[in-house]
Amino acid sequence: MNKSEFRGFKQVFMFEFMTGIQKTGFKVFIAILCAVAFLTMPIMLLIGKIKGDDNAVNDKLLSAIEEVYIYDETGLSADYGQLGSKDKYREVSFITESSLSYSEAVNNLQNKKDNSLIIRTEYDSEKGFNITIVHSSKSEISDQDLKTFEEDYQDFYRQEVLRSLNVSEEEYEYLSEDISITIMKANKDGSFSEDGSRISYEDYFVVLAGLMIVFMFINMSVGNVATSIATEKSSRVIEFLLTGTRPLSLLSGKIAARLLESVIMAFASYASYFLSQLVCVFLIAGESVSESASDNVVVISSMWETITFSKLIIVVLYFVAGIALYTIIGALTGASVSKLEELQDAYKLYSFVMVICVYADMFLVIMMLSSGGVGTFQNFCTIFPLTGAFLTPALILTGKVGMITGIIALVVLIITVVIAFVLAAAVYESMLLYQGKRIRAKDLIALMKKQVIA
Amino acid sequence: MSFEVKHLQKKFGEKQAVEDLSFELREPGVYALLGTNGAGKSTSIRMILGILAKDHGEVLLNGENFDTRKVNVGYLAEERGLYPKYPIMDQLMYFASLKGLSADVAMDRIKYWGDRLKVTEYLFPERKLGKKFKPTLAEQMSKGNQQKIQLMAALISDPEFLILDEPLSGLDPVNTDLFKSVIHEEIDKKKYIIMSSHQMPVIEEFCEDITILTRGKAVVSGNLNEIKKSYGRVNLFVKCDEDISDNIKTLGIKVVNDTPAGVQLKVKNESEARNLLKQLCEENKNVVRFELREPSLHEIFIESVGAGQNADTEDSASDKAEDIVSE
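Top line first, the protein sequences correspond to chains A and B. Under this note's numbering, the first residue of the first sequence is numbered 1, with each subsequent residue one higher. Under this note's numbering, the first residue of the second sequence is numbered 1001, with each subsequent residue one higher.
The set of hints was computed from the structure by calculation and includes no laboratory data. Incorrect hints may appear among the rest.
Just the calculated beta-carbon pair ranges, DEER-fashion [stated by the list, open to error]:
hint : chain 1 : residue 1 : chain 2 : residue 2 : range
1    : B       : SER1221   : A       : LEU317    : 51 to 61 Å
2    : B       : GLU1079   : A       : LYS23     : 21 to 31 Å
3    : A       : LEU317    : B       : GLN1009   : 42 to 52 Å
4    : B       : PRO1135   : A       : VAL316    : 28 to 38 Å
The beta carbon of each residue, even a glycine, is placed where N, CA and C say it ideally should be.
Excised from the complex, chain B in its bound form (with noise of 0.2 Å):
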């Protein structure tokens, strides 16, 4: 199976939201979409899903157009929603059968997942003797498991294509873990993940290729790996027990950060970090630490979308009303 996404483009109005977007899944595994808020990500999934129409582009699954009405797909959307006046569990089971399961099936799954995800509580509760039994609203549960809800509804198809539009943003540490457990096991199935996030660290657990956007463009996109080589191994980090500034300054090394734990540097190759660790140890300096590495996703993320970078919003180019017109 091959998933293509071909050119891919779309403006509100005057706003280019996203510009010429491509990339490929050609085995299964997580394809990660970066960038800051408003670059594009989410509009990017909406278009991919047809929830959204495209100005310009293709998305191909073997070839042909990607259609969620023949493809199993799963989604979680970045703006979660529920009806907060329904009971949960009759949302589920609505949700199950858009998406063509019967009864029975859905009342297995949900009981499945609602196990995996502890939230059985909330789907199941108990009837006390005496009392009007009452299921539990959207309304009435916590952020977090109403999250998990979501997911439950992403996953109860057990769709073969799975888009995960910030997944674990405002998770504690628990159910972040246990978020990530529930990916890994939709991995270790062969399953087809699109992702976006700004947990870097997430990223670099799951995906093997990326793409970071930024204002609707693809500036960086391939493998993480062959990303991170092509930067070659420049981040360097330094502990020695003597004042080693004189040396940075001789060899005209770029200082990132100096902390008491150690001083952060960047070569311009491997070589001008040899040439450092050789000074040192003529100079008979006690190096404690000496780490030559290539640069994190953070760091590239950083780079390539650019520090501090106050980017438009999404909601701003569809703010006024006149852009659905235009649209």
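Excised from the complex, chain A in its bound form (with noise of 0.2 Å):
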């Protein structure tokens, strides 16, 4: 493989990444891109704002229950009044001595056109606090009123068996503060790093997010680096190309054009995202969106917060080389059929892998949320290049493995796509000038051991 090998990449890249960001395909693709990052969080800082909108309405409005008859069973002596102070309530009426029983009271307001409600209250030692609210199934009372009541009934009589202790108003704001935990793991190198075990929601949705932007961008490079050799080889121009470049310069020039490709896709996203973050950061300052929707932002936000420069350089390493690895795997494919049309059937192997190593990544992000617990498949998946591709960089990016685990995966992952493009580059002049039946996996292995021990 000397220099001369390479004669003509320039010209095979610019024609090739000229030709490729003008195609419809691309220009739709990054649109749809850019606009589901830009718009995402400001739609659901907007959604929430209606949402807040909505509860604050229905704070105001009357609430469809009539009448409330409690069966509390733990002794705890509530002031109902507290809930009926509220405007939405003022109209209900709270009973709590009723003559009939818990059970009489059931029957009875089965299918009769009442709006009333049954609450039954019990309290075990080992489960808690559990309360039965039941009614009619032909009362007039909205889900929304349900749920309403749901909510403000549970905080009510949290309230109350606080009060109940003598707890201060002070005492039980305090009390009810959020209390969130972070493992960390003290790595090797002095560092720390959070436990990669374990993976909360937020997490759980960037990851999974992040693994399905890696995977539509490695399935659009594949697809396309696939046609665009099978076209060169279904409609012989390959030949004519031959004598002014050579083959090497066509594989690297084809795969470099569609790594430059997804990086400007991947950058044009992320800008999207970070103008969609100053847009929602400007909705939040003119308090155009409800409390509630705001955290969703600052979930998000936090996590960049974390992410060190150095971090940064091994991600976008990482998604260029598992690009760049499949892209291989994907002129491979092309170059193994002589008409286009014979491409579908060669994608068969591509697809099988790729579907195998998506699915591992998967079930493990759904085992980090699920139970954590996966160190050996968790580094199995992180290093090994083919599942790696789609999910290391959103867990690096996440925190979810440490800086020595990424560099030993990019290390790993840099060594394959280097030996892959050697095995490619021996077959490929072959593989492009053969014309006939679709050169099989087994045929392709032969003559790379054939190549390489030549």
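Can you join these two chains into the complex? Each is in its own frame, and there are hints to help.
This is the structure in structure tokens:
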């Protein structure tokens, strides 16, 4: 593999890149990607605002509930006047003394067009408080009213429990604060990283979204390079091209063009996301959104605050190398056919490998969310190049993979890409000029063996 | 400058596609490779260009290995190819850039050849007012016009070496004449040209030296005039007002074809023809036409290759995927 083997690389790269970005598919894909990156967060905020506004309106509307029968078996003497003091419940009667037993009251309520509720509260030393709310199937109480009442009653009851224990309002606020726990792992280099075996809901969605985005990039890149090579073989342009350039230039020029396209798409989508964050900050500052909705933005934004420059470099390199690996596989897939119509058939092996790897990654993410404790499998998925290409960038970004593991995974991936390129280069020329039945994997392996030994 | 092809060999699996092909070009001109389908012409050309690895043999230019990376070569492949979905202008600019041409030079040459080959309207489509500019895609052009674009691609770098694999196949008479005139121009520019064709009159029009291949073997090779001379003037055409079948029978001359226009005969030598003429004159027969000539290239080709030969195609040699491994 000498320098003259790369003659014409620049021209091939420029042609492939320019024709690639002019394709409708590329334009549509990048537009969708940017739109999703730009609009998702503001839409979430605005939906949150609408929901918040609805809740505010609901707070002022009278509830359809008319009577509430209380069967409190805990012995707690709750002051239901506190709940009745809320505007929406001002017309509601809270009845704590009833002549009917709980089961009689429930039987009575069945099939009656009655807007009453029956609440039974039990206490178990192991399970805690258990509140059951019963309403008639023919009642006119809306689901929204029930949902609101459920939330309000839960808050009210917690306050009453604390009040019965003589907890002051300040103490109550203190007790109500969220408690978050982060488990850190001390690394050999003295640094700390989050324990990779556990994953929060927010991280789960970030990792899953990252996996899907990389999957889309890889798929698009593989599809483009395979189609391009199959078209050149099918239309026999390849013979003319080979009088002006070398097979290695064609291979490397196409791969480089696909990588640049992917990097452009990634940066464009990140730029859209960054702009989207600015819009969100503006919306939050302008108090155009509800407090609960703004929490989502803070969660996603806070993840970026933990990203260091070195982490970002590793992620970008891993992302590019991962696409390069699959693009080489795509190039061999394209070169294995002589007619464009055979390409779908040739995709079978690539699709099988890709689906297995993506499913393995998704299984890992689900395991991390549900149970944790998947250390060996996680290390495998992170370091094995074919699975790591989809998942490792997101795991590094979210801190689920430490820097050392990230660097090891990157080195392994780069070595794999180099080996794959050398093997592909050894057989690419023969494959390009071959016209006939589709070259199958076993033929390819035999050819590689023969060429490498030669 | 001397160009030599020495003992080229190529096998596809068990099939010998080219066996010991040698020829030489010492002066500018056209060298012809002839043969039936699957005789090994295209495989030989691919090996000469370095597109296909040769099993054995050498291709030398001035005693050194012929390398398309160092020599300006133009190639019109038998299997014509353009990117069907890409604008032809982009493709030509790409091909020109691969040949090391700057954008300005490439554009000048595209304009020249577009005009010369009458495809300017496709290369520079008019911009219609109020409508989005749409460049012409290769798939929107007729086969003949696509062939012109491919000839442009072969000539755009003004190559010193030109390889034309079946340049006139599939063209209508008007475009055939256009292509022929372009090839004549290239010959006048003292280019070295290797051409393969099935059309014998075309070869006779352009080529001084030929090689006839059959099943990968060169069966006839050398200067076309000398080859013809070596066959001697044995083709005799006679038209007479009277019946001459008895005369032909008496002299034991082989009849090739007997038509109302005349009788085509194959004589052993010129004296046999002279004896026939003498006999006809002595019998006062009215001879309208008596023509003794060398065999045509077509006749030499048929005789060399063997009429009705069902040659295997080159593709069949490489039809199995296993062949790529054994290759």
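Now the hints, each set against the structure:
| no. | hint | result |
| --- | --- | --- |
| 1 | SER1221/B x LEU317/A: 51 to 61 Å | holds (59 Å) |
| 2 | GLU1079/B x LYS23/A: 21 to 31 Å | holds (25 Å) |
| 3 | LEU317/A x GLN1009/B: 42 to 52 Å | holds (47 Å) |
| 4 | PRO1135/B x VAL316/A: 28 to 38 Å | holds (35 Å) |
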